[in-house]
Amino acid sequence: VNTRGCVVVAILAAAIAGCAPESPPAPEREDSAVVLMSVAADPTIALSVQFAVGSQDDPPGKEGLAFLTGEMLADAATEARSLDEILAALYPLAASYSMRVDVERSTLIGRVHRDNLDAYLELFTDSFLHPAFDADDFERVRSDAVNAIENELRFSSDEDLAKAALREFVFRGTGYAHSPEGTVAGLRAITLDDVREFYRRHYTAANVALGIGGGFDQALVARVEAALRELPSGEAQAAPAVEPAPITGRSAVLIDKPGADASISFGFPVDVHRGERDFYALWVANSWLGEHRNQSSHLFNVIREKRGLNYGDYSYIEAFPEGGQRSMPPVNVPRRTQLFEVWIRTLPNAQAPFALRAAVRELQLLVDNGLTAEDFELTRTFLKKYSLHFAETTSARLGYAMDDRFYGIDGDGHLARFRRTMDELTLEDVNAAIKRHLQVANLKIAIVTGDAANLRAVLASDEPTPITYATPKPDAALPLGVAAERITLVPVTEAFER
Amino acid sequence: MLTIRIGCTLGACAGPVAAALLGAWLVVTPLSSQENPDVKPILPYPTESRTLANGLTVIVIPMPSDGLATLWSIVRTGSRDEYEPGRSGFAHFFEHMMFRGTERYPGDIYNRIVTTIGASANAYTTDDHTAYHLSMATEDLEKVMELESDRFQNLSYAEAAFQTEAGAVYGEYRKSRTDPEFALYEEVMAAAFERHPYGHTTLGYERDIAAMPAMYGYSRTFFARYYRPENTVLLIAGDVTAATVLPLVEKYYGAWQRGYVAPQIPAEPEQTAERRIEVRYDGQTLPLLSIGYKLPVFDAANRTRVAADLFADLAFGETSEAYRQLVLEEQVVEDLDAGASYNRDPGLLDISVRIKDPSKVDYVLGVIDATIARFQATPPDAAKLADLQRRLRYGFLMGLQTPDAVAGRVTPFIALSGDLSGLDHLFATYAAITPADVHTAAGEYLRAEHRTVGVLRSRP
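Chains B and W supply the protein sequences, listed in that same order.
If you read the first sequence in our numbering, its first letter stands for residue 1, the second for the next number, and so on.
If you read the second sequence in our numbering, its first letter stands for residue 499, the second for the next number, and so on.
Mixed in with the good hints there might be a few duds.
Some, not all, of what chain W presents toward chain B, calculated at C-beta under 10 Å [said to hold, decoys possible]:
| # | residue |
| --- | --- |
| 1 | Gly565 |
| 2 | Gly669 |
| 3 | Glu692 |
Hints in this document: simulated from the structure, not taken from any laboratory.
Ideal placement from N, C-alpha and C gives every residue a C-beta, glycine not left out.
In isolation and in its complexed conformation, chain W is listed as follows (with noise of 0.2 Å):
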């Protein structure tokens, strides 16, 4: 059992000291919930958020957890922002290359602090956000802080460490295009967005992937584009206090210099009828069927936009009738699944199926169909959707066991506006949506000219 050791023992949070550094923060930010009574916390944590004169957000959120922290650095850059030709890829490979250290503290000497420390490392990638997080005992917090805001700031790798890397990511690639349901995404994205970059995954082409290895210098133009500190949130849950983390986090990060620099990603244009692909995978599966409908982009107090993501688990989620007909009375479906993006820019809303007769997916298309017709022509049972509003509570609220958990349920939405506001909207938008709202959803954003449909199938 460690001793939960903050206050003092971390240096600059003496009195006087931690008192002049609150006094560089420029910006303090009132929670959304603060300005509108309306919307209220989800969170049933107390949380407090801070901007850094250099335009670093941060997000502290104390709670109960055996003596452990969790530091997550949120840069709100992703597969979206990879829309230069021949680049697709890149923001997941950056990942890879954050791992490899500084002049400081190079690669094997970051392992190793962070090896003496015990902390649970990892990172991930998604198209809008890339995220690298630490778990470790509190008392370690400060030291895991060093590092981070030092290879933020001060990247610095070889060209051959460059090259090498991209091996790994080739590797990663390889074992991920095994899997039939990735080959079916990969190509359904590919047809549902021609000109933005959701258009491909977040691995990237894999002509880009193999064309990694010569592009050191693009790499250090994209740390010097996106990885800025008013691209980026802090995220610090746990046996913590905002008193204590806030003026670390002064510390460490006050000097990292603004420099942000905007991608400029295409607008998708308006889809204006319906793209249908097949896809033949080299080796044995069931059909896959995927179905991708356009939405506007998320808007989290929009109850229509909203409504998007209910009306998908109505329609198709495990107590549906489409579920009972097709899995569990016909048996024509393996699994059954549908939501909607919760994406920066506009994304799909998505019905995924497993089917078990390849002789059926016309049939399966076709339940769907009848399906999404009676959502249009009817707004869903009144008890149904108040038992998903009551799922979705505590379902949001069991998933917030460790903090890094609480981290990882935050961190999709802090990723969309760079704070928590857009969670605490989401769950006031989730009790007030009533059923003319998924009626309205389904009408609105269900329609054959914005869809496209991919079947996958095993090659003759």
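Next up, chain B with everything else stripped away, as it sits in the complex (with noise of 0.2 Å):
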């Protein structure tokens, strides 16, 4: 989805003045899109450089050549400076830049404070135009994208893992199944050649677009307008299909990794986007099954709240990476296809399979009552209030509107419509929206456990696993249906290896 020339997004702002329609335009391009946003209270000046590429553009056996591509101008020498002289530059402004290679964009990343534009300015755009792709920096940047891998990802946070494993699981036979920081065995078979192929490849001015937020002038339009004119003029690559296996029944994959507790997640696609009315007749939906970190999500009070499982319990119709690290939504990860997903946190493996039937149960709930009326009122009440957190900065706001250039969304924008169409949303369809995405028949599931063998077959046993508690809980039981034959399990050392 692109729109071409520019795009000025105001802010409706009593204390944010300034806003671009009366500045000129910028110059029209005929390949790339132009997204301004001035907030003149704002001193600092965020900067987006967004290429239409992402993980799922990379070659079957080099999973991890977009990540790569985007460390090595991001994170590595450029032809007129080494890292270390780069990083000398960048340390008295307090800047940095950083390049978000997620499945379908890799965005470079950048703010300073005005007073050192200039300095960093020419930093910026050197980055992405005159990359060195020094191999002493492809070995580190390299080195560290294992080390991710087989240390981080297997080893440090189990709920991450399983999260990778459900998206893999989910995903399988399509761009969207490996993590966008590649696979081992893929990582280990790129070279530096490869690298600079797909630099020339796909970060071109065919597939760019720029954002400006904060307290620019028409003058930093025109430069940074300027650079972009520099990208080779390229050819607009079409985006793979996303087309996964359909899910039939429940199945799962449990990570054997001894010594760990219980981290589960379970999901299946879902085909609804921002902009269309069904996208927020959902989030309202999902907001009161399980909105992220918030004690108002249903999960978290039946497996938290109520019986003390876990540190918390929530669902998500977006991607969220980072969810442990972030309590709002994350920018700059636009996606065409989306996942229904419940993420229950880390908790002993005796308790696993109760809490993962007490999810399924109250994700059934949902879908065979609906919201109440009051349940309906209070989540979105709620949500028109708690949305104007999403996009608090300069740079979150540039974000959204970055993305609403990807989902094709025109005029004042998702967040705005988010807010206009809460007023609009009855009961009825928020209703019809749970009936028309989500069901709890065909899931699939994945488990990082310390006792994979014994959870095989409890999962696929059927019998109750009632849990005894210090004080007095609420029942809740529901058989989970899932097949000996359908749970795979997964050596932890194995997995994201290919």
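Make the complex out of the two chains shown on their own, each in a separate frame, by following the hints.
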């Protein structure tokens, strides 16, 4: 989805004056879009240069190529400067830039105080215009990427591991399956020439979009526009299809990790996107079921608040990477296909079957009964105000505006539409969206566990798994119906190897 | 877009009433920067600070924020205060219990109101303080203040709820312990501090976490001792004015009773010999090296003590010689980081390293020792120090993006002194530090007999 020409996003805030309509328009470009978000009161400037390339474009057997290419721009030398010279130049500015490589898009993100803009801008634009592709840098970023999978993903965070395992399980066979960081074998197979060729093919004017936010002036827009004209024209690349195999029934992958407690994710793809009325209706339902890191989450109340089984339990209808480190939804991770996903945080292995059954049961009750009028009113009231926190900073607002380009949302954008639609939705809209998009019959489940063999037997047996508490608790039980032959065990040392 | 409604819509701020309430403030605390002309305010916003008759300090930071405001309740109690055997982790556990409600607003009602308001609510616990923060539309500030003041004065929960929450706390420990950095940190702190409560992490020892369900009685004692107005600072930032906020604080917090009981925190004896520990990790990891040097207590006005943190960055930050050698050129290290504590009691200057080659641990330690020796022999380059001083100032200013971010930045310093004075002093001291100060800090503090060296490796 592309919007050509200049998109000016107005922030309707009394405290933030000087919005762009009074500025002269940015130079028209045939092959890119420019998003301008003037926030005159902001002493900093946010920059976003987004390329229409992501990990879905990794060639088979070279998973991680998009990621390494991004790292070779943002964390490596340029033709003019070594990396330590770049770091030394950025140091007094207290500024940096980084590349966010996601499935569909790679976004170079920077921010600087306007006092330091001149010194910063050359470093920022040099990073993507004149990368050196230094061999030592390549060895370093590749080694770091392999370590991030071999040691950190597999061993440092079981919750992230379970989420990654679910995505691989659901999207197997598509470009959405592997983590944006790649696989161990894929990273090891990539050469520096692969990176050069990937850069040449994808980092072009045909694939680029620019966003500028904060206290900038028209001269800056002209300077960055001039820099972008140095990109080769290139050709827009068609995004590969995302057609995961249909899910029939319930199946599970258990990551066998000796000594681990249980971390659980389950879900299925949903065909609903920002901008669509059903998306906002489903957001209301999902917020009630599992608002991220929020005590209003129904799953949180059933599993943590009433039973004290774990630290939290949430659900999602959009990608939410780094869920353990952020409280509000991320930007710059737009996707054509989304996953409905439930995240059950780490808990003792013995309680894993019960917690999983409880979560599936609550989802089933939501699908069967929908929201009550009271819950609907409470949740949409909550979201109208809570969504004000989604984009409190200029960088976040700019990110949402860039995401709007991806989703083809014109006008005042997703967040304004979000709040407006909250007023328009009816209970019937929400409950109809639940019926259209959510279900419990066809699920994929991923569990990281130190008790894989036993857990497989318990899940397949469908025997009740009551647990005992120090204090009386409400009952919850539901057979899962996962056939033994549909449960796969994967040793943790083999996860994301290929 | 929300309409900003402040002023008389908040009821108690009507002229005569407001004047009467303002008269109840016992102490008007001028900010440090107004006392000392060399100390300039670092925040680019006006601030007002008042102390109620009951000892509660209130700091208001008005700033443009698109109709949003944030309320932080900063209790100057953290895991530092867990000095009694078997009570480690209690400050953090208590942070959880604060969401269990009061008789007037039981937990589910509290949550329902916060949900209706659409507030972003959270809390965290550190060594030295526990912070509860809610970000909301300014028009909802009074309701939030009513809720917060109620739970801080009238917290009430049944033993069953207490025991249930202990399970959630154990779950938080479970998710953390798979991280090898956490595992090493836990052991290094235990080795470095033999008597002071900094020896345990904020989560506490696992054995104490497991025993928490039986400590209902102690939890009431903990609340009575520490959740008191003279041990708490309220910070309100955003689209607010002091004139409208301060009367509300008096209205809702004025009746809160004093009663703070200071903890009997044991002093850590002086360390006289290097300590070394090896930690085995039940998983796969690159070796981790952590070196902690004992520091004197933080003092924002003491140039040598503040220079310790600048030394850490100059010696081991990403523009340092050690970083260039170990991370960029030789590539034997993946991450190199260092920093000095800003704790209320004497803490550590910590150097943390993730080493790529397990056979190079001693080599990396040798490079670190040589780097320290070089700084002890020669003051750092003045231009590099000037770059760092500029970076510190711009880094701070760039972090002030939202009311919540401003509050998050200043809260650790409020926790130290109970007000904003330390923050302004700190930035004045940053600006005044010379290469000789960094040289002195390296010589005084980076002594082998004062350090604890921890190495974490995968269990064979």
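Hints that the structure is at odds with (numbers, increasing): Violated: hint 3 alone.
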